[in-house]
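Number of protein chains: 2
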Amino acid sequence: MGLPAEKIAGVVEELKALLGDRVSTAAAVREHHGHDESYHHAALPDAVCFAHATEEVAEIVKICARHGAPIIPYGVGTSLEGHVIPADGGVTIDMSQMNEVLEVNAEDLDCTVQAGVTRKALNEYLRDTGLFFPIDPGADASIGGMTATRASGTNAVRYGTMRENVLALTVVMADGRIIKTNRRARKSAAGYDLTRLMVGSEGTLGIITEITLRLFGIPEAMSSAVVSFPDLEAAVNTVITTIQAGVPIARIELLDEVQMDAVNRYSGYDYPVQPTLFLEFHGSETGVKEQAETVGAICEDFGGADFQWTTRPEDRNRLWQARHDAAYAAKSLKKNASIWATDVCVPISRLAECILETKKDIVENELTAPIVGHVGDGNFHLAFVFEEGDEEGFRRAEQVNDRMVMRALAMGGTCTGEHGVGTGKMKFLVAEHGDAVAVMREIKKALDPQNIMNPGKIF
Amino acid sequence: MGLPAEKIAGVVEELKALLGDRVSTAAAVREHHGHDESYHHAALPDAVCFAHATEEVAEIVKICARHGAPIIPYGVGTSLEGHVIPADGGVTIDMSQMNEVLEVNAEDLDCTVQAGVTRKALNEYLRDTGLFFPIDPGADASIGGMTATRASGTNAVRYGTMRENVLALTVVMADGRIIKTNRRARKSAAGYDLTRLMVGSEGTLGIITEITLRLFGIPEAMSSAVVSFPDLEAAVNTVITTIQAGVPIARIELLDEVQMDAVNRYSGYDYPVQPTLFLEFHGSETGVKEQAETVGAICEDFGGADFQWTTRPEDRNRLWQARHDAAYAAKSLKKNASIWATDVCVPISRLAECILETKKDIVENELTAPIVGHVGDGNFHLAFVFEEGDEEGFRRAEQVNDRMVMRALAMGGTCTGEHGVGTGKMKFLVAEHGDAVAVMREIKKALDPQNIMNPGKIF
Numbered sequence: 001m002g003l004p005a006e007k008i009a010g011v012v013e014e015l016k017a018l019l020g021d022r023v024s025t026a027a028a029v030r031e032h033h034g035h036d037e038s039y040h041h042a043a044l045p046d047a048v049c050f051a052h053a054t055e056e057v058a059e060i061v062k063i064c065a066r067h068g069a070p071i072i073p074y075g076v077g078t079s080l081e082g083h084v085i086p087a088d089g090g091v092t093i094d095m096s097q098m099n100e101v102l103e104v105n106a107e108d109l110d111c112t113v114q115a116g117v118t119r120k121a122l123n124e125y126l127r128d129t130g131l132f133f134p135i136d137p138g139a140d141a142s143i144g145g146m147t148a149t150r151a152s153g154t155n156a157v158r159y160g161t162m163r164e165n166v167l168a169l170t171v172v173m174a175d176g177r178i179i180k181t182n183r184r185a186r187k188s189a190a191g192y193d194l195t196r197l198m199v200g201s202e203g204t205l206g207i208i209t210e211i212t213l214r215l216f217g218i219p220e221a222m223s224s225a226v227v228s229f230p231d232l233e234a235a236v237n238t239v240i241t242t243i244q245a246g247v248p249i250a251r252i253e254l255l256d257e258v259q260m261d262a263v264n265r266y267s268g269y270d271y272p273v274q275p276t277l278f279l280e281f282h283g284s285e286t287g288v289k290e291q292a293e294t295v296g297a298i299c300e301d302f303g304g305a306d307f308q309w310t311t312r313p314e315d316r317n318r319l320w321q322a323r324h325d326a327a328y329a330a331k332s333l334k335k336n337a338s339i340w341a342t343d344v345c346v347p348i349s350r351l352a353e354c355i356l357e358t359k360k361d362i363v364e365n366e367l368t369a370p371i372v373g374h375v376g377d378g379n380f381h382l383a384f385v386f387e388e389g390d391e392e393g394f395r396r397a398e399q400v401n402d403r404m405v406m407r408a409l410a411m412g413g414t415c416t417g418e419h420g421v422g423t424g425k426m427k428f429l430v431a432e433h434g435d436a437v438a439v440m441r442e443i444k445k446a447l448d449p450q451n452i453m454n455p456g457k458i459f
Numbered sequence: 001m002g003l004p005a006e007k008i009a010g011v012v013e014e015l016k017a018l019l020g021d022r023v024s025t026a027a028a029v030r031e032h033h034g035h036d037e038s039y040h041h042a043a044l045p046d047a048v049c050f051a052h053a054t055e056e057v058a059e060i061v062k063i064c065a066r067h068g069a070p071i072i073p074y075g076v077g078t079s080l081e082g083h084v085i086p087a088d089g090g091v092t093i094d095m096s097q098m099n100e101v102l103e104v105n106a107e108d109l110d111c112t113v114q115a116g117v118t119r120k121a122l123n124e125y126l127r128d129t130g131l132f133f134p135i136d137p138g139a140d141a142s143i144g145g146m147t148a149t150r151a152s153g154t155n156a157v158r159y160g161t162m163r164e165n166v167l168a169l170t171v172v173m174a175d176g177r178i179i180k181t182n183r184r185a186r187k188s189a190a191g192y193d194l195t196r197l198m199v200g201s202e203g204t205l206g207i208i209t210e211i212t213l214r215l216f217g218i219p220e221a222m223s224s225a226v227v228s229f230p231d232l233e234a235a236v237n238t239v240i241t242t243i244q245a246g247v248p249i250a251r252i253e254l255l256d257e258v259q260m261d262a263v264n265r266y267s268g269y270d271y272p273v274q275p276t277l278f279l280e281f282h283g284s285e286t287g288v289k290e291q292a293e294t295v296g297a298i299c300e301d302f303g304g305a306d307f308q309w310t311t312r313p314e315d316r317n318r319l320w321q322a323r324h325d326a327a328y329a330a331k332s333l334k335k336n337a338s339i340w341a342t343d344v345c346v347p348i349s350r351l352a353e354c355i356l357e358t359k360k361d362i363v364e365n366e367l368t369a370p371i372v373g374h375v376g377d378g379n380f381h382l383a384f385v386f387e388e389g390d391e392e393g394f395r396r397a398e399q400v401n402d403r404m405v406m407r408a409l410a411m412g413g414t415c416t417g418e419h420g421v422g423t424g425k426m427k428f429l430v431a432e433h434g435d436a437v438a439v440m441r442e443i444k445k446a447l448d449p450q451n452i453m454n455p456g457k458i459f
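One line per chain: the protein sequences are A and B, in this order. Counting in UniProt numbering, the first sequence runs from 1 upward without gaps. Counting in UniProt numbering, the second sequence runs from 1 upward without gaps.
Since the hints were made in silico from the structure, they are not lab data. Any given hint could turn out to be false.
Identical chains share a label here; the pair holds if one copy fits it or two copies do between them.
[To be verified] Only pairs whose alpha carbons sit at most 27 Å apart, straight line, appear in this in silico BS3-like list of lysine-lysine:
| id | residue 1 | residue 2 |
| --- | --- | --- |
| 1 | K445 | K62 |
| 2 | K7 | K427 |
| 3 | K334 | K180 |
| 4 | K445 | K180 |
| 5 | K445 | K120 |
| 6 | K180 | K427 |
| 7 | K7 | K62 |
If you're wondering where the values come from, they're calculated on a predicted model, not measured in any experiment.
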């Protein structure tokens, strides 16, 4: 596996001539780039480059292409399916120093950023413009990584995913060519949609170096609410009814009673230990009020307790911090624990059924796995919690996950709503897409005939 | 050009064995399938097949592939850039008899239709469900054709284009393989976005046979308004301000004074002969009222006359019929006239500049070319009107169009907002996309190595 040492030495020498001390083969640097935030086994790159410009990425790619060295793009390492792990070694291109916001066109509600800009840094930059970038996967991921994995998160039910919010990309192809996939126009019918082909391609077709994004005006009014329900079904049915009623809700997040217990312990809250929805409404003052009233009535119909909404920013922030800390809270349920976050998405009419059957399977297998979900999209995650060294529990969890994925597929769903394939979901791809996977492979082969672009991911 | 007669005879014989009298080589049938609604020169297919099922399309494609015969998918012939014209002859597959709505999942706000279902037929079918499919390109196009050309139209500013509203496709590839590009889940991060690759591929990568679409609840309230402005700039600035204010307007259409004059004559109205906006608001009762008030105030700021809104369905229908008849109205400006509809789209901040410079060019070249635009997206059309045989005028119009496209590209725009490339926009593709066109060609070559899928389109 991987390139022989003398080949690597040749690649590194050429990279050093190009980048000087922005190439590293130091053990600590390689180790840092050998894993993501998931349970997947680490593997080391042979070298790490810190790129500063698209043209530099193109030169790095050309060097690697000449030597047949694998190229792994790396943002800030928050991926969850092993996307950045160099399974066969090779050269990791760390994009985090390409962190400039290149332009903001406030009048057109768009901006262009380098791939290493994180979503929080972008929103910080935008603060005085009255605009914001809504996609929020929880982690402070890089925009490049979010694009490459087709990320979404809590706001997607209203604002869409990266698929809908990327207008154009600059991409370095496998032979070092630099292409721009689109211009800034809001829509275009001019040729194949290379933008969408690259969004979610996980570094296997090219390296995304610049991204033009849609922006949104910060809503005039925002309000949030937390509502607990007698059971999961009632909570999920509230979600389904809300979506079907066409309420333009900005966030509608489910946390089951196990997760709520973890949140209370971790963050010092005293929420009822029951299935709970976290809600957020964006719009005009009257629009938000109207939405909250509509959803409040739906909650009541399904036995939701004590629907109260707040517009105070500090309350809203506190609430969403608790939601974003869900993974840490889950982790704290056991000592020295590790967690594994799963990720299926189903048509919303099947959501209650999918969650309830899965929950039963978790209980029957005596696993700890709080459930959180971006349920407005039909997307939910289990966070399996393992004590250190619990190999047997991990194997049971794998079986529960396999069954959950097959259940989701049978319901017209997908093996991954937002985390991506990486190495973790490869085994489900044919079950989900059938012969379409062969078409994906043909595209991969046409655009990366040497298979040097993040090899071993997706396929 | 095209296949030799004895080859064609062999293809037709095999097709007849498969389809019986649903294959035609009759002159009238071939003629009907030899043109679209545009100014592009007609060309005849060698044979026309009327398909009834995906599997049948796959068999037709296999026969054509064995013989190297070009395959041209045909919906209802409303395309505007020559997409369905068999430039090299070959076999046209008429999809119009694949016109079944296969399923409606009202709870999930989606449906699956065969490619030949038209948008009006779909909305007729949906009438009792409380749902509708919003994309409205004007013509009663087939959903397959709308998907293949990435169509949009008057509602796109709120509901998006076909890009955003197709969830999944069944596609017959160039070798007769049948693939499904996705499932019904609202979002997925599972592999390459083949759905979006096929949307807008104009029959050059495969034949779209079934489409799963997003649906929307019919809004609780709808209101419309017509407002005239002292000049074009004021009208466009009203649009820009409305979009920037984040008003979720459903339609915001511009008609210049030349178009309004045509509309008055054609439809018997007495609207002021001035640049005019046609507006529509969708939402709750209070939401629609609020939107109309906000936009009414913006109109007033820019000197808009007499902003009046109506919620009566008959008034709204009458108003939008006038808008939809704009092309016919333009055509009636001259005797025995033909029209040529252009289609650029720019970032909205550049819209006034782009329209005004173009208008000046039209006037200086003494051409008749009313302007209509889906201006909320930055998209507008000229309808050049020619008297029969006015070759010289057509040449001047070509120059005006060339300059307009290059102007739009220089402003970060596109040569086609919604009509597609076909043969009409091929010459602008490299100017717009540069090296990305080579990547498109590589994908085309990988998926259609014989170049039999609608050859001569896009590239």
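Cross-check of the supplied hints:
1. K445 x K62: both (18 Å within a copy, 23 Å between copies)
2. K7 x K427: Intra 32 Å, inter 45 Å, cutoff 27 Å: neither.
3. K334 x K180: This pair counts as neither: shortest intra-copy Cα distance 48 Å, inter-copy 42 Å.
4. K445 x K180: both (20 Å within a copy, 20 Å between copies)
5. K445 x K120: neither (36 Å within a copy, 41 Å between copies)
6. K180 x K427: between (32 Å within a copy, 18 Å between copies)
7. K7 x K62: within (15 Å within a copy, 46 Å between copies)
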